[in-house]
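Asks: One letter stands for each residue in the lines below.
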Amino acid sequence: MLMQSSVIFSSKPAWVKAVHRTSSTDSNSMAATVPAPKWAQKTVTLPPLRRGCHLVTSQILKEIRPDLSEFKCGLAHLFLQHTSASLTINENYDSDVRDDTETFLNKIVPEGRSAPWKHTLEGPDDMPAHIKSSMFGCALTIPITDGRLNMGTWQGIWLCEHRDAPTARRVVVTLNGI
Amino acid sequence: MLMQSSVIFSSKPAWVKAVHRTSSTDSNSMAATVPAPKWAQKTVTLPPLRRGCHLVTSQILKEIRPDLSEFKCGLAHLFLQHTSASLTINENYDSDVRDDTETFLNKIVPEGRSAPWKHTLEGPDDMPAHIKSSMFGCALTIPITDGRLNMGTWQGIWLCEHRDAPTARRVVVTLNGI
Amino acid sequence: MLMQSSVIFSSKPAWVKAVHRTSSTDSNSMAATVPAPKWAQKTVTLPPLRRGCHLVTSQILKEIRPDLSEFKCGLAHLFLQHTSASLTINENYDSDVRDDTETFLNKIVPEGRSAPWKHTLEGPDDMPAHIKSSMFGCALTIPITDGRLNMGTWQGIWLCEHRDAPTARRVVVTLNGI
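If you read the protein sequences in the order shown, they are chains A, B and C. Note that the working numbering has the first sequence beginning at 174, numbered continuously upward. Note that the working numbering has the second sequence beginning at 174, numbered continuously upward. Note that the working numbering has the third sequence beginning at 174, numbered continuously upward.
To be clear, the hints were calculated from the coordinates, so they are not data collected in a lab. Honestly, I wouldn't trust all of these hints.
A pair counts as met if it fits within one copy or between any two copies, since identical chains are not told apart.
[Stated by the list, open to error] For lysine-lysine, the following DSSO-like pairs were computed, each having C-alpha atoms within a straight-line distance of at most 27 angstroms:
#1 LYS291 / LYS245
#2 LYS291 / LYS190
#3 LYS235 / LYS245
#4 LYS190 / LYS245
#5 LYS291 / LYS280
#6 LYS215 / LYS245
#7 LYS280 / LYS245
#8 LYS280 / LYS215
#9 LYS215 / LYS291
#10 LYS235 / LYS291
Could you build the full structure based on these sequences and the hints that come with them?
Replies: Next comes the structure, spelled out in structure tokens:
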């Protein structure tokens, strides 16, 4: 007798469902083909990038693709362990979009003598960097479908570096699914 | 012998805990009543909406409620597959709150001749739409408790459409829990 | 015969992987040492805090640490059930960073006579509070590694209270992992 996971395709074809459950039938082959709940976690280090918004989808995928491909359905969680950079999902084609987003961030969060910040010990770019980090956030959760990140055609993963001095950035990647 | 999931109610009543584990007792009835880990994933298409913030809780629930009701405890993840719209959680009652939020977004992200954007090929509303999308984000994770989204009394799911030309928007919904 | 979870350490040491699966070997000891998929959910109430940004990492941990410590690998999800406050991750050391962030929010979202809001029935601070809530968001997902929140050295959990009148705030905490 073996425990089995069963993939249930509902009458509404849009849903893909899976229930991890027991079975009273003894079937090694089915247990082998039906995915079981999995967790995988890894810290990816992205090399230093200049201040601005950067498309890092391929760098992230290079680190996680073999493991990602083992998940039929699930969620990928990316967590940046820093407070002066951010992760966001946005346009993956025209680098002008990334430049314009950096222009916006610099316009909306003042820096230098005109800025009202008390926290200035770590340089004029530090306090603005903290604010930008909370505006865009430091984490992403992306659906996994059939072994790949199920993003839209024009979506990509951006690392936004808000400090002047480039620093390597750590991203904890957690994969969970079946 | 059957594998079983056990729901453990701790001495601190605020916690509801479940461990999916083996048991050496043969009890079909228990295996039938205790929930097993489940995954469900579906792409929901929201019809075109005019530029602005829209309450879409009931539209989303209409698509997922039967499946949601099967989860005692878990997480619902909503992922918008677009870079010129956003998903956020905010007030679910007064439509003025949604109008005022749209007013804010238009005030903070300049559009037209005064705007400094390089990316203008797709129209004057496109680059502002990308920025607004990263400000509010394209994904939500909401706790599931006893078969429903465990939001606060005044919380609702908003789709914010940042483009002038209404477009159908796809949301990948992933449910995970027991 | 017992169902077992197996922790697989890959050849790339950075990954920690676990597959919850069946085994044909009868080994009680292994079943006892290898973690099984777990869910835990609890509503934590944070006491009223004055308007501004507050570091609440230790308050949250006090409520969840014993349960968190049972997870080797997973995700912690925090969901604020309110639309006039927010949760964000930012610097955990200098309180000036929190004060400056509050200064920024008040600068960017106008309040009082100069503000263009239609929604004013609940006071001049209410509509700005809703906007700030969507800017920073009401939810966080944080990786769990070896029984603790795997944040960076300088990261902490902030509750940002955007209303003038302090109110107790509820956070639904969901832990999921192995």
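Asks: Each of the hints needs a verdict: does it hold here or not?
Replies: Going down the list of hints, with the structure as the test:
no.: 1; hint: LYS291 / LYS245; in the structure: neither (49 angstroms within a copy, 40 angstroms between copies)
no.: 2; hint: LYS291 / LYS190; in the structure: neither (52 angstroms within a copy, 44 angstroms between copies)
no.: 3; hint: LYS235 / LYS245; in the structure: both (18 angstroms within a copy, 25 angstroms between copies)
no.: 4; hint: LYS190 / LYS245; in the structure: both (11 angstroms within a copy, 16 angstroms between copies)
no.: 5; hint: LYS291 / LYS280; in the structure: both (19 angstroms within a copy, 15 angstroms between copies)
no.: 6; hint: LYS215 / LYS245; in the structure: both (19 angstroms within a copy, 13 angstroms between copies)
no.: 7; hint: LYS280 / LYS245; in the structure: neither (42 angstroms within a copy, 43 angstroms between copies)
no.: 8; hint: LYS280 / LYS215; in the structure: neither (35 angstroms within a copy, 39 angstroms between copies)
no.: 9; hint: LYS215 / LYS291; in the structure: neither (36 angstroms within a copy, 37 angstroms between copies)
no.: 10; hint: LYS235 / LYS291; in the structure: neither (41 angstroms within a copy, 30 angstroms between copies)
Checked against the numbered hints given earlier, this structure breaks hints 1, 2, 7, 8, 9, 10; the rest are met.
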